[in-house]
Amino acid sequence: AYQSEPWKFGRHSGSKLITTHYEIYTTLTDPQQIEMIPDLVERAYEFYQQLVPPIHEPSERMTVYLLATRNQWATATAHLTGARAEIFLRVRNGGFSDGGVSVIQYVEPSVTGPLLAHEGFHQYLHCCVGPAVPAWLNEGLAVVCEGQRWTATRLREFDPYFNLTRQSRLADAVNRDRLFPLEELLRTHAGNVVQGTSTQVGTYYAQLWALMLFLKEGENGKYAAGFERLRRDLATPAAAQRLRAEQIWAEDGQITPGEALFRSYICDDLPTFEREYMAYLQSRISAAY
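Remember, this note's numbering sits 47 above the position in the sequence shown when you count from 1.
Since the hints were made in silico from the structure, they are not lab data. What you are looking at is a predicted structure, and each value in this text was computed from that prediction instead of being measured. Think of the CB as a built atom: it goes at the ideal place given N, C-alpha and C, for glycine as much as any other residue.
Computed beta-carbon distance windows for the label pairs:
| id | residue 1 | residue 2 | range |
| --- | --- | --- | --- |
| 1 | Glu104 | His236 | 24 to 30 Å |
| 2 | Gln329 | Gly268 | 15 to 21 Å |
| 3 | Ala132 | Lys269 | 42 to 48 Å |
Turn these sequences into a full structure, and let the hints guide you.
Given below as C-alpha cells:
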C-alpha cells in the first residue's frame with residue numbers, strides 16, 4: 048500500500064510515492080512502471096534487515112529520486128550534490144546513494160530493480176545501521192541485493208545466486224587471470240575502484256558478489272557462522288572492540304579496518320582462505336558454463 052501525490056521536476060510532471068519507509072520522487076508516467084516501485088523498495092527493506100539487522104528504524108522516510116531519463120538524472124544529481132557533482136556524474140549506470148538519499152535513472156525493471164536495491168542497501172546502512180561498514184562488506188552485500196527474479200511487472204523474489212551480469216564478469220576475470228588478490232579486495236575502497244576501467248570495476252563487484260556467496264556456503268559452511276556474527280555485530284560495541292584489538296596486534300600496525308574485521312570474524316589465515324576462495328570461483332564458473 049502506498050499514497051501518491053503530484054510532483055513537479057522542473058517542467059516535468061511526476062509523482063511523489065509514499066510508503067512505510069520511503070518517499071519516492073519519480074518522473075515516470077507509465078502506471079505499470081510506477082506500480083512496481085513501492086512494492087520493490089519495501090520488500091528490499093525487509094531483505095536488508097535479513098542481511099544486517101537495523102540498530103534503529105530510520106528517523107524519517109528515506110528519500111529516493113527515480114528519474115525517467117539520463118538528462119533528468121544528471122540535472123537532479125547536479126542539484127543534490129553541488130560542487131561534488133562531477134564525481135557522481137561519472138557513474139556509468141545511473142545510480143548512487145549519498146548522505147542517505149538514492150538517485151536512480153530508470154532503464155527497465157531488470158536493470159532498475161537491481162540498481163535500486165543495490166543503492167538502497169547503502170542508504171539503509173546509512174540511515175539504520177551506521178556508515179562505518181568496510182567497503183568489501185558494504186559493496187558485497189549491496190551486490191547480493193541485485194539478485195532478483197521478476198515476473199513481467201513485479202518482483203517475484205530476491206535470489207542472491209541469480210546475477211547474470213556479475214556471473215559473466217566473474218567468468219571473464221577468471222578466464223583472463225585478472226582477479227584481485229584477496230588482501231586488495233579487503234583493503235580497497237569502492238571509491239578508488241570506480242576511477243579504474245570498466246573491466247576493473249566489473250571484476251571488483253563480481254568478486255565481492257562471489258565472496259559473499261563463499262562466506263555463506265563455501266567449504267561446507269566453514270565460514271558461515273563468523274559471517275553471520277559479523278553482520279549481526281555491525282555498528283555495535285562488539286565489532287568496534289574486535290577492530291581495535293586486531294589493529295593493536297597487527298604486526299606492522301598498518302592493518303585497515305576492513306581487513307581487521309575480516310581477520311577477527313572470518314579467518315586470520317589469509318593465504319589458506321584465498322586458496323579456498325579461488326577454488327570456489329573456479330567451481331562457480333565450471334558449474335555455470
